[in-house]
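Peer 1: Residues per chain, in single letters:
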Amino acid sequence: MKLDAMIKLQHVDVTFNQQHRTVKAVRDVSLTVNRGDIYGIVGYSGAGKSTLVRVINRLQEPTAGQVEVNGQNMLALTNKQLRHARTKIGMIFQHFNLMNQRTIADNVAYPLKGSGLDKAAREAKVAHLLELVGLADQAQGYPAQLSGGQKQRVAIARALANDPEVLISDEATSALDPKTTGAILALLKELNEQLGVTIVLITHEMDAVKEICNKVAVMEDGQIIERGSLLQIFSQPKQPLTKDFINTSTQVNQAIEKISQQALTLSDTQRLIHLEYVGTAADAPLITELYKRYGVVSNILYGNVEILQGTPLGNLIVVMTGDQANLDDALNYCQQQQIHVSPVKLKQEVAQ
Amino acid sequence: MNWFAHYFPNVVTMKADFVTATGETLYMVAITAIVAGVIGMAMGITLVVTAPGGILANRLVYNLLDKLVNLFRSIPFVILLAVIAPVTRLIVGTAIGTTAAIVPLIVGAAPFYARQVQNALVEVDRGIIEAAQAVGSGPVALVFRVYLRESCSELIRVSVVTLISIIDLTAMAGAVGGGGLGNLAIIIGYDRFETDVTVMALIIILALVFLVQMIGDWLARRTNHA
Chain E
1 MKLDAMIKLQ HVDVTFNQQH RTVKAVRDVS LTVNRGDIYG IVGYSGAGKS TLVRVINRLQ
61 EPTAGQVEVN GQNMLALTNK QLRHARTKIG MIFQHFNLMN QRTIADNVAY PLKGSGLDKA
121 AREAKVAHLL ELVGLADQAQ GYPAQLSGGQ KQRVAIARAL ANDPEVLISD EATSALDPKT
181 TGAILALLKE LNEQLGVTIV LITHEMDAVK EICNKVAVME DGQIIERGSL LQIFSQPKQP
241 LTKDFINTST QVNQAIEKIS QQALTLSDTQ RLIHLEYVGT AADAPLITEL YKRYGVVSNI
301 LYGNVEILQG TPLGNLIVVM TGDQANLDDA LNYCQQQQIH VSPVKLKQEV AQ
Chain G
1 MNWFAHYFPN VVTMKADFVT ATGETLYMVA ITAIVAGVIG MAMGITLVVT APGGILANRL
61 VYNLLDKLVN LFRSIPFVIL LAVIAPVTRL IVGTAIGTTA AIVPLIVGAA PFYARQVQNA
121 LVEVDRGIIE AAQAVGSGPV ALVFRVYLRE SCSELIRVSV VTLISIIDLT AMAGAVGGGG
181 LGNLAIIIGY DRFETDVTVM ALIIILALVF LVQMIGDWLA RRTNHA
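These protein sequence lines are chains E and G, in that order.
Read in the numbering used here, the first sequence has 153 at position 153, and its numbers run on one by one without any break.
Read in the numbering used here, the second sequence has 76 at position 76, and its numbers run on one by one without any break.
Treat the hints as calculated values from the structure; they're not laboratory data.
Accuracy of the hints is not assured; some may be wrong.
[Stated by the list, open to error] Footprint (simulated), chain G over chain E, 3 or more residues, beta carbon under 8 Å:
(1) 87-95
(2) 127-137
[What the hints assert, rightly or not] Taking beta-carbon pairs under 10 Å as the criterion, some of the chain E residues facing chain G (in silico):
(3) THR63
(4) GLN66
(5) LEU98
(6) PRO111
(7) GLY116
(8) LEU117
(9) LYS119
(10) ILE168
[Said to hold, decoys possible] With beta-carbon atoms standing in for the labels, derived distance ranges:
(11) PRO139(G) <-> GLN338(E): 50 to 60 Å
(12) LEU64(G) <-> LYS179(E): 49 to 59 Å
(13) HIS11(E) <-> GLU123(G): 33 to 43 Å
(14) LYS88(E) <-> VAL78(G): 58 to 68 Å
(15) VAL122(G) <-> LYS88(E): 42 to 52 Å
(16) GLY116(E) <-> PHE210(G): 30 to 40 Å
(17) ARG221(G) <-> ASN34(E): 23 to 33 Å
Glycine included, every Cβ here is placed at the ideal spot set by N, Cα and C.
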């Protein structure tokens, strides 16, 4: 059995000394990514995500801390050893960073020089990689002739040229339209499953994480403020920022905003409730039960079910109508059924 | 050829001189272009890689070279010719003549080309350099396989600018004893009031410049795939 931990960062600090101030871009971050993981790192711009992942292949030197990739202490390497280690860590970028003056095939072949393969073997490899990303027919074209999604595919082929064990994706889908984003994410997932390559995916879009990641870390202000399995993070977010990311992704935030705009007035016998449920709880006929048991009528204003890693995760915003005691009983019943209940605050109320 | 003899009476009698002078100009341009090209290219690359944030950032080397280039770029060429005459004498043995003119030409052209090369290379997207570093490229590969390759078209363009500037400088060097078309235009044409000689020298120089510009533009277009 090989080492389980593919990437191990311990107490990493990155500090930039600018002219009049020091900026702590990454503060005491420890992170372990296991072999085969697709690890999402989410945060707004400026949170330090890009700086953090650049520490993995030492494009960014850490100010303090330990960096291990596949059991190798990255900080102890000589320049030459580091260059070799980097061939095993592929990286793709938001703006693709292809060489404009080289053909598509030359771009993919670029990392292969000095790999010990002869010309014929290199050409075969390039052809295979372009096949893998679905661009075999474009080999002799130039990057300027490709669309954004196609450019990112070329960049992925280039990143895979030396059969890396790790692939770092730095906002790789952020410059792409939603449909292309989906296609690129699907390709990454496929590579993860077929080649077993471990992926670290930085993004500011929770949707991308939801699509393919099995683990998530949320970064804010240079620190990881919350981490866990995808399902854990989505079903029980603890930090406000995490909740914000998730509610944006499940569109609960947008729904609340819309409901707020409709100038909904609630009487004493009505309550606006947000219900969240995970897994088997999603199967029970809840709304019917509430009516049968407590005479509480639920009017669904918004509903959404996500399937994360094969487990359903549901969000409902409902107006429950019934007398006070029954409403309390109904909400207690929900909680007994492992359903997370929270009263919804309309936007105007928040403002007041 | 009657009209030619009519408008260029002195040129007709000086055919051999024109051939020699054109040869001298081409000789000065060629040697200067090769030597200043190599020196300027090396200096330009060094400026880019040692600049703050460059792949081999080195404040001392960068500042030194940067100031040196600025210094030599600030000296008017006519004065440079005079100032470095002792150095020329030391290298060539004389400060007068076509070969002697090449020394100040190189000193004048190399820093100019260095700045042009620097400007061409910094145009290469930082992200492309980073992507190459991420796949394990070292400084040598970054310079030769990324910087020079990616800016090839731009380098051709700035080389044309430099080459034309060298042709310009040779004319000035010619005026102070370097020989060539500049010499012919000033010493014979201007000083002896043989205006047709000046005009003919100018026509040949312009033809050279246009030719260089045309070939350069064509090459730059052909090599650019961006």
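Peer 1: Work down the list of hints and note, for each, if the structure agrees.
Peer 2: These are the hints, each one checked on the structure:
1. 87-95: As far as the stretch 87-95 of chain E goes, the hint holds, because 6 residues have Cβ atoms under 8 Å from chain G.
2. 127-137: violated (count 0)
3. THR63: 17 Å, violated
4. GLN66: Violated - the Cβ of GLN66(E) stays beyond 10 Å from chain G, reaching only about 21 Å at its closest.
5. LEU98: This hint holds: LEU98(E) lies near chain G, its Cβ roughly 7 Å from the closest one there, short of 10 Å.
6. PRO111: With a minimum Cβ separation of about 4 Å from chain G (threshold 10 Å), the hint on PRO111(E) holds.
7. GLY116: 13 Å, violated
8. LEU117: 14 Å, violated
9. LYS119: 16 Å, violated
10. ILE168: 8 Å, holds
11. PRO139(G) <-> GLN338(E): 50 to 60 Å: 59 Å, holds
12. LEU64(G) <-> LYS179(E): 49 to 59 Å: 53 Å, holds
13. HIS11(E) <-> GLU123(G): 33 to 43 Å: 39 Å, holds
14. LYS88(E) <-> VAL78(G): 58 to 68 Å: Holds - the Cβ-Cβ distance for LYS88(E) and VAL78(G), about 59 Å, lies within 58 to 68 Å.
15. VAL122(G) <-> LYS88(E): 42 to 52 Å: 31 Å, violated
16. GLY116(E) <-> PHE210(G): 30 to 40 Å: 50 Å, violated
17. ARG221(G) <-> ASN34(E): 23 to 33 Å: 52 Å, violated
Consistency with the previously given hints fails for numbers 2, 3, 4, 7, 8, 9, 15, 16, 17, ordered from lowest to highest.
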